[in-house]
Amino acid sequence: MSAPQPQPQSQPSASPQPWHASPALLVAYTLGRLSAADAWSAEAHLVSCPSCRAELGRIVDDVDDTRDVLALARTRVLSQPPPAPAAQRLGQRAASAGLRRAIVRVGARSGAPWHLRWVVRPASLGAVALAVAAATAFAGISHVVVGATNSPTSGTAWLLWLLAPAVPVAGVALSGLGAGDELELELATPSAGWRLVLWRALAVVVTAVPLALLAGWVTASLTGPAPPGLVPPGTSGVSGAWLPVLWLLPALALTATALALGTWLVLWQAAAVVGVVWLLVVGVPSLVLRTPSSSAVGSALDSSATPFASAWVVHLISGWAQPVWLLVLAAAVVVVVVRRDAFGTVKPSLTARWTTGGGEA
Amino acid sequence: MSEQVLVEVSDLAVVLGRGKKQRRAVDGLDLRLGAGVHGLLGPNGAGKTTLVRVLATVLPPSSGDISLLGVDVRDVRRRRELRRQIGYLPQAFGYYPRFTVREFVEYFAWLKEVPAARAGVAVDTALERVGLADRAGDRMKSLSGGMLRRAGVAQALVNDPRVLLLDEPTAGLDPEQRVAFRSLLRELALDAAVVVSTHLVEDVAGACTHVVLMEAGRVVATGTPAGLAEAGRRGLVHDGDGVCGLVGSGSADDGLASAIERGYTGVLRAARVSGPGAAPVVLPEPAASTSGAPTSAAGA
Amino acid sequence: MDPAAADDAALLRASARGDAAAFGELYDRLAPMVLVRLRRRCSDDDVVVDVLQEAFSSAWRAAGTWDGRGDVAAWVWTIAARRLVDAFRRRAVREKTAAVAHHGHVELEHLHATSGARAWVPSAEEDVVDGLLTGPLAAAVEGLSPELRAVLQATVLDGLSTREAAVLLGVPEGTVKTRAMRARAQVRAALA
Numbered sequence: 001m002s003a004p005q006p007q008p009q010s011q012p013s014a015s016p017q018p019w020h021a022s023p024a025l026l027v028a029y030t031l032g033r034l035s036a037a038d039a040w041s042a043e044a045h046l047v048s049c050p051s052c053r054a055e056l057g058r059i060v061d062d063v064d065d066t067r068d069v070l071a072l073a074r075t076r077v078l079s080q081p082p083p084a085p086a087a088q089r090l091g092q093r094a095a096s097a098g099l100r101r102a103i104v105r106v107g108a109r110s111g112a113p114w115h116l117r118w119v120v121r122p123a124s125l126g127a128v129a130l131a132v133a134a135a136t137a138f139a140g141i142s143h144v145v146v147g148a149t150n151s152p153t154s155g156t157a158w159l160l161w162l163l164a165p166a167v168p169v170a171g172v173a174l175s176g177l178g179a180g181d182e183l184e185l186e187l188a189t190p191s192a193g194w195r196l197v198l199w200r201a202l203a204v205v206v207t208a209v210p211l212a213l214l215a216g217w218v219t220a221s222l223t224g225p226a227p228p229g230l231v232p233p234g235t236s237g238v239s240g241a242w243l244p245v246l247w248l249l250p251a252l253a254l255t256a257t258a259l260a261l262g263t264w265l266v267l268w269q270a271a272a273v274v275g276v277v278w279l280l281v282v283g284v285p286s287l288v289l290r291t292p293s294s295s296a297v298g299s300a301l302d303s304s305a306t307p308f309a310s311a312w313v314v315h316l317i318s319g320w321a322q323p324v325w326l327l328v329l330a331a332a333v334v335v336v337v338v339r340r341d342a343f344g345t346v347k348p349s350l351t352a353r354w355t356t357g358g359g360e361a
Numbered sequence: 001m002s003e004q005v006l007v008e009v010s011d012l013a014v015v016l017g018r019g020k021k022q023r024r025a026v027d028g029l030d031l032r033l034g035a036g037v038h039g040l041l042g043p044n045g046a047g048k049t050t051l052v053r054v055l056a057t058v059l060p061p062s063s064g065d066i067s068l069l070g071v072d073v074r075d076v077r078r079r080r081e082l083r084r085q086i087g088y089l090p091q092a093f094g095y096y097p098r099f100t101v102r103e104f105v106e107y108f109a110w111l112k113e114v115p116a117a118r119a120g121v122a123v124d125t126a127l128e129r130v131g132l133a134d135r136a137g138d139r140m141k142s143l144s145g146g147m148l149r150r151a152g153v154a155q156a157l158v159n160d161p162r163v164l165l166l167d168e169p170t171a172g173l174d175p176e177q178r179v180a181f182r183s184l185l186r187e188l189a190l191d192a193a194v195v196v197s198t199h200l201v202e203d204v205a206g207a208c209t210h211v212v213l214m215e216a217g218r219v220v221a222t223g224t225p226a227g228l229a230e231a232g233r234r235g236l237v238h239d240g241d242g243v244c245g246l247v248g249s250g251s252a253d254d255g256l257a258s259a260i261e262r263g264y265t266g267v268l269r270a271a272r273v274s275g276p277g278a279a280p281v282v283l284p285e286p287a288a289s290t291s292g293a294p295t296s297a298a299g300a
Numbered sequence: 001m002d003p004a005a006a007d008d009a010a011l012l013r014a015s016a017r018g019d020a021a022a023f024g025e026l027y028d029r030l031a032p033m034v035l036v037r038l039r040r041r042c043s044d045d046d047v048v049v050d051v052l053q054e055a056f057s058s059a060w061r062a063a064g065t066w067d068g069r070g071d072v073a074a075w076v077w078t079i080a081a082r083r084l085v086d087a088f089r090r091r092a093v094r095e096k097t098a099a100v101a102h103h104g105h106v107e108l109e110h111l112h113a114t115s116g117a118r119a120w121v122p123s124a125e126e127d128v129v130d131g132l133l134t135g136p137l138a139a140a141v142e143g144l145s146p147e148l149r150a151v152l153q154a155t156v157l158d159g160l161s162t163r164e165a166a167v168l169l170g171v172p173e174g175t176v177k178t179r180a181m182r183a184r185a186q187v188r189a190a191l192a
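Residue numbers (the UniProt record's numbering), protein chains in the order written: chain A, 1 to 361; chain B, 1 to 300; chain C, 1 to 192.
Treat the hints with caution; some may be incorrect.
Said to hold, decoys possible - Not the full set, but computed from the structure, chain B residues with beta-carbon under 8 Å of chain C:
id : residue
1  : Pro60
2  : Gly64
3  : Glu113
4  : Ala117
5  : Val121
6  : Thr125
7  : Leu173
8  : Glu176
9  : Ala180
10 : Arg186
11 : Glu261
12 : Thr265
Keep in mind the hints are simulated off the structure, nothing from the lab. Just so you know, even glycine gets a beta-carbon here, dropped at the ideal spot from N, CA and C.
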């Protein structure tokens, strides 16, 4: 506790308070005997001056009933400590709680919105990471299992590379789906609408793209460098481990398309539609065209050095296709910008089911 | 405290679904609400939930005008500002099971753009008001149905809303909690329009300052709970032209709850008989009326 | 950490980690000010004690969310002022239920409504912080009617919103707004 400074200007304290309330003034204040202007001054001064507060404490302490009131409330307050946050109760989570507080503090200081973490649906980023990991594992295992007879050209690595652009879309779908009816609650808030949707999509993309690039790099190093004949058309400068870079535009374009479609449909449904369409376009040709050859003769697999299916879908992420993806991206962004207000409410035409249920709680 | 009209709805229609499933959930509804607890009553399918969702700005109206706090809900530019002053609890709501109760309410404080400097205390106050302060650290998934409901109410009032919309808020609460909850509602309603959809007569008798009866997507009667009870006791209901319905064997000796119950069924029956397009029923004002004129009245 | 040596901000941060000794010290430093200030705004000592207790409990629970700006004392007082408003809400409801109309804010009439000129006269704020109000500003504040001063006290000095001030003073929100405008105009005229 800092030293009391009842006398004005008797000692310049650390905080430059040029003036301190005299004890007489504070006594008059506690008794309610100050004029309005003086009481106003006293109150404004007291909140900013620790030493005058201390002096006030001493004055108040001399009055029996006030002392009792303060002691009573003190006991009650201190007998009910706030429940420790769940994160702190578990020892191993203390670090993350500390980190979170630090983030909140930095956010508050920089004027950024507090709790940046709220932007992200808690479930979606984990799901994105899981999807990327699963796809990588799938590609890796299938390479190891059939690797002897199946060169990377036959589709395992390509499969992953072609599925990768859909990963952010899946994340967007999950970010709208995870909590079900929570959407209803969130929609009634000022943050709802395109801002929140775009923030979340951005968070998903920012997480998914580096993860998918990393996964592609890992797969490429597992399966070895792509044979010279495998370099997609129009990408002479991009080969080997750098091939995954070609996902970037398709991934962004697909995500934007999902958002654009989401101005008509429920967002997670729109993302699901885009994702499924992409999977069909990429997956079906590579599977269907392979089946007859594998059922006919086993050796046909070995000879599928450049299977038609792979070769065909490869064009989707070829260098030639990149400008097309850019156009798709631009078009989708325009749709989102023009129709952004549709994110702010539910679509009446899609909600018949919702209201007929009545009294489900 | 304030006598101003906070919610104004005129000739509202809401069409849901499309194609064969299309239907008018709300049709030609007029309503003006001031500060107070407004009980929204009506059978299932009367359009209560749809009305609440439209008032919550979640569902856009198909036609008609709605202004909340003087702002047109369809004015996209002012939507954000308007939503800062709205609190909403739907019948069913999702939540992140791993959130703690405090995080859940904090999350909504953030969504509702409560200034960071005030948010901590606002969350705390909201949790205390619904009696969940001591469960603030519990995970959402560990809560019972009643506690979930209270957490939902806490998020609805964390921004100190001027328009508070609660769809079946007392569902799942035990009787003791209901009593506490009703006094909370009255407290909030001092300077806010609190709209409570409910089917519990005791909620109406215990908490509401006004009642709005709905049937087939429109308002069929407005007034006070005492007026509804009076209609039940007298056995008659009136519209602008005179007697329009017979409630049944009303009795002056009926208790408040049974009188309200009787008044409610009687008004609905009268409304069904007179059909759509009829003027709303005028509930009688009992002699010992509650102070303050009812601010809830249906436009003709 | 030695609670007696730490400053208010450090005590509050320690309290956020559940340090009861730190919060006890903070209570001892701030509670007298909060108590006296509350008493000047509400003559019902039972209410004052409840509000005091609620305010500090609330401050402790919310300690982790203090943003580090301004004085801790000012932050705690803001919480107490809002708590007082809540207490008035509860009482207003009780009185409505008991059908006792228009009673209860009589005690507010004798408020020594010290008002703040901060919001509209920059130099006035310096006067407040630096010392006693003197000269024309003091005269201007003294010259206000009790109703106008009460409104300025609630909105400017206590930092309440118009809506909260309306509950505290028991008058409609519109009245708070017009009174605040009149009070400002009067102060401005007196200073001119």
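Do the hints match the structure? See the list:
Residue-level restraint check for Pro60/B is violated (minimum Cβ-Cβ distance to chain C is 28 Å; threshold 8 Å). The beta carbon of Gly64/B comes no nearer than 28 Å to any beta carbon in chain C, farther than 8 Å, and the hint placing it at the interface is violated. The closest approach between the C-beta of Glu113/B and any C-beta of chain C is roughly 15 Å, which is over the 8 Å cut-off, so the hint fails. With a cut of 8 Å, the hint placing Ala117/B at the interface with chain C holds, because the nearest CB-to-CB distance is about 5 Å.
Given hint, Val121/B at the interface with chain C, holds; its Cβ is 5 Å from that chain's nearest Cβ, closer than 8 Å. Taking 8 Å as the C-beta contact cut-off toward chain C, the hint placing Thr125/B at the interface holds, the least distance being around 7 Å. Below 8 Å, beta-carbon pairs count as interface contacts, and Leu173/B has none with chain C, the closest being about 19 Å; its hint is therefore violated. Using the Cβ-Cβ criterion of 8 Å, the hint placing Glu176/B at the interface with chain C is not satisfied: the shortest such distance is roughly 18 Å.
For Ala180/B, the shortest C-beta to C-beta distance to chain C is roughly 12 Å, which exceeds 8 Å, and the interface hint is violated. A distance limit of 8 Å between C-beta atoms decides the matter here; for Arg186/B the minimum to chain C is near 5 Å, and the interface restraint holds. A least Cβ separation of about 22 Å between Glu261/B and chain C goes past the 8 Å threshold, and the interface hint is therefore violated. Nearest Cβ of chain C to the Cβ of Thr265/B: about 27 Å, over the 8 Å cut. The hint is violated.
When each numbered hint is compared with the structure, violations occur for hints 1, 2, 3, 7, 8, 9, 11 and 12.
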